[in-house]
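Q: Here are the chains, one letter per residue:
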Amino acid sequence: MDKRLPGLEEAVSGIKDGATVMIGGFGGSGNPIELIHALIDAGPKDLTVINNNAGNGKIGIAAMIDAGMVKKMICSFPKSSDPRAFTDRYMAGEIELELVPQGTLAERIRAGGTGIPAFYTPASYGTELAEGKPTAEFDGKHYVQERWLKADFALIKAELADHFGNLTYRMAARNFSPLMAAAATTTIVQATKVVEPGGIDPEQVHTPGIFVDHVVEVADPQQEEALIRAGVEYERA
Amino acid sequence: MDKRLPGLEEAVSGIKDGATVMIGGFGGSGNPIELIHALIDAGPKDLTVINNNAGNGKIGIAAMIDAGMVKKMICSFPKSSDPRAFTDRYMAGEIELELVPQGTLAERIRAGGTGIPAFYTPASYGTELAEGKPTAEFDGKHYVQERWLKADFALIKAELADHFGNLTYRMAARNFSPLMAAAATTTIVQATKVVEPGGIDPEQVHTPGIFVDHVVEVADPQQEEALIRAGVEYERA
Amino acid sequence: MSELKLSNAQIAWRAAQDIEDGAYVNLGIGFPEMVAQYTVEGRTPVFHTENGLLGFGPAPEPGTEDWDLINAGKKAVTLKPGASFFHHADSFGMVRGGHLDVAILGALQVAQNGDLANWRVGNKGVPAVGGAMDLVHGAKRVAVLTDHVTKKGDPKLVDACTFPLTGVGCVTRVYTSLAVVDIVDGHFVLREKLAGMSMDDLQAVTGAPLHTEGDVADLVVPEL
Amino acid sequence: MSELKLSNAQIAWRAAQDIEDGAYVNLGIGFPEMVAQYTVEGRTPVFHTENGLLGFGPAPEPGTEDWDLINAGKKAVTLKPGASFFHHADSFGMVRGGHLDVAILGALQVAQNGDLANWRVGNKGVPAVGGAMDLVHGAKRVAVLTDHVTKKGDPKLVDACTFPLTGVGCVTRVYTSLAVVDIVDGHFVLREKLAGMSMDDLQAVTGAPLHTEGDVADLVVPEL
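Residue numbers (the numbering used here), protein chains in the order written: chain A, 1 to 237; chain B, 1 to 237; chain C, 1 to 224; chain D, 1 to 224.
Isolated chain A, as found in the complex (with noise of 0.2 Å):
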């Protein structure tokens, strides 16, 4: 079992038009840019894609907004330092937003991932973002019932994988990533180093290989926030 793949080329080819797309990352860290560029190369249209924010700048997401690939963004805070892509397509009725609560939007990635239909908490109960959701109440409190969140694909970035997969992230990169690696059918990984099973403490392994479908090594990968303040744009190749 090897689970490497040769390029970024690869690894998205698979991804057509219509899929729904989990990103890791939030802010930049854990944005796996190079997947994101090649995903904008390979040119799939009409995705749903699921992250935190909804790009930044015009790189990464942004940059998949601004190439026309996005029908629906499913996020918590689409809003950054420049919002410029998201917010024009928005304002313009030619973008769906699903909002989510950070931590609802979490657990409701985690319940896909774990094979958990439904759950309830309390976060969102009496605001308008519960509008059209069950609630119940449970020993005197009221929750709102929220459901799983799949995925086709997840594109998720890594500090070290190992041959089966296996993954660690680096610092607070690891964020979503672990649970989205769960919550798709098919989870695609960058990441930094890639090294032979046994290279990675087995007690120290963030994300377990059975989560992981394809890894492919980056070995310098940029950093979403770098290239931000670096005024970097992205276009397609």
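Fair warning: there could be bad hints in the mix.
[Stated by the list, open to error] Capping the alpha-carbon separation at 20 Å, the derived lysine to aspartate or glutamate pairs in DMTMM-like fashion look like this:
| no. | chain 1 | residue 1 | chain 2 | residue 2 |
| --- | --- | --- | --- | --- |
| 1 | D | K80 | B | E196 |
| 2 | C | K80 | A | D201 |
| 3 | C | K80 | A | E203 |
| 4 | D | K80 | B | E203 |
| 5 | D | K124 | A | E128 |
| 6 | A | K141 | D | D185 |
| 7 | D | K140 | B | D152 |
| 8 | D | K74 | A | D82 |
[Unchecked claim] What follows is a set of in silico ranges between Cβ atoms, one per label pair, in the way DEER data are often shown:
| no. | chain 1 | residue 1 | chain 2 | residue 2 | range |
| --- | --- | --- | --- | --- | --- |
| 9 | A | E128 | D | N8 | 23 to 31 Å |
| 10 | A | P6 | C | K151 | 53 to 61 Å |
| 11 | B | G18 | A | D2 | 54 to 62 Å |
| 12 | D | A195 | A | A92 | 51 to 59 Å |
| 13 | C | D218 | B | S81 | 39 to 47 Å |
Since the hints were made in silico from the structure, they are not lab data.
All values derive from a computational prediction rather than experimental measurement.
Even for Gly, the Cβ is constructed at its ideal location relative to N, Cα and C.
Fit chains B, C and D to the known structure of chain A by using the hints.
A: Coordinates of chains B, C and D only, in the frame set by chain A:
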């Protein structure tokens, strides 16, 4: 902030009659034998104990049962290589049993620690263990609604702890412990080694200290399985 | 011909032939654990155990056990390169979340609609369920290993289970001492049977109709 | 007297006085982040950020930022000894599960029943909620920092919120530019007010009755 206590006696002294106590471990792996024996010495009664199993031989949870301290067990598998202690009391009608499928037990405890009052699982649907529980259909499949499980105390065995209560576990001794640490009001840890804050890599913490209240160093902990095989019997000091 | 049947080892061997390279597999306590011994040469399945470990290997030499490194049956195991540890909720998340390719369990009874009874015979004694009710949901294939009949000769493949259920409509394939049977749309579909056994003889020891779809292959296993 | 009011720094200082040694604290993006600067000497609160980090410290020197080490506001932070990283579901499990001692947020309006509105003013523009709707549930104390009135002079402590709600009945204490007010059983209970301000003046800029329980202390803060 320093969560260390000098000894086991102080660590368990707050556990009073009628308390609900989660005890980490799966079979012998992760069983906090020293904390359990200290609790036997302290001698509170009418306890509800939550563990995957219901004791083995004449030590640990089995010795608690023999000492008449346990009113009720919540577990998935009250059998073991020497299940006499639980079996005798159960057949005599002297101990209650709430039998929970193992994955549901884990998820109920996880829900207790993470503020999810109820969730749906396919496990046990259509079986006698689902009798009386609400059910629901999602996407054409049937599920059982399960409630969170919390406790007054958790007794946990860790490998490393720091002064703030950050923990790591040794191999498969991890099992239920991270979940129970989060689901109990007061979490009491015995650790093989206690280090200064900074002595555990932040990326490798298995249980963040926010879930831990007290830490006691037990430098050379006993292993339930080894004690069982040696025929050891624990009696109150 | 009624004396002719596969040993447990041979049933386990047959089940092992269907496990693909790289498959994630959970083997139930006891009889199903034997499947690991017959892993097909050149394939590397990854074994999962409910207590929080992926990628374990065979039992260690006696005397070298580490009792923090055990499987769901509380037996000592070893680690293979690429193993990982995780907590119990993550472990059953793998099960429930559909990440296992195969779960293989024992059975008291399997009904033609896929219902499984394997956790208790009646209401006596101490009940214990473990992870069985979770394991029957989520894996892409839920297979059962079993003698075709009980020691008394009663069918274990039945019209409807009479013992307490472990799960509803969950079994996809049954490997028995006489046959390989799939569950398809509420029916038993016979895929393989021992060459020396007639359809009538097999049906006579089966508690519900055996359907066929195309050819029924010979169930051929090595001496073990 | 109506010119007299605390600066944001002074409100943050006052809130910091109530944070116990060893408390686990989440500070909302923006104004609430200032509370960390006024940590009381000798106390070591542990700061939580939703994106999966406990135990972070102040911003690093400019030019030394590591953008994998950020807080919920996407600002670079540093690590203190005893820090830990975890994923987003575990992070919000800490919040929802009642493990934080204090969550401190900003507010557009707080109602006397504890309802909070702090995420959007109306229906225009791009809505963004982040973690606010999660953070208001679960912490043992949910405190708000706010000017006592809007820039136009309208009360921010109100009878009932008119802006879209963030959470229902969730706020336990409000630190304003004029007072410290608790929410008790559906009422505002005044605990402290600026010495130079009369009860009548304070009530006049508050949108619902201010109750008292025993003495009202002087709200005293240092020059900052």
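Q: What are the numbers of the hints the structure violates, in ascending order?
A: No hint contradicted; all consistent.
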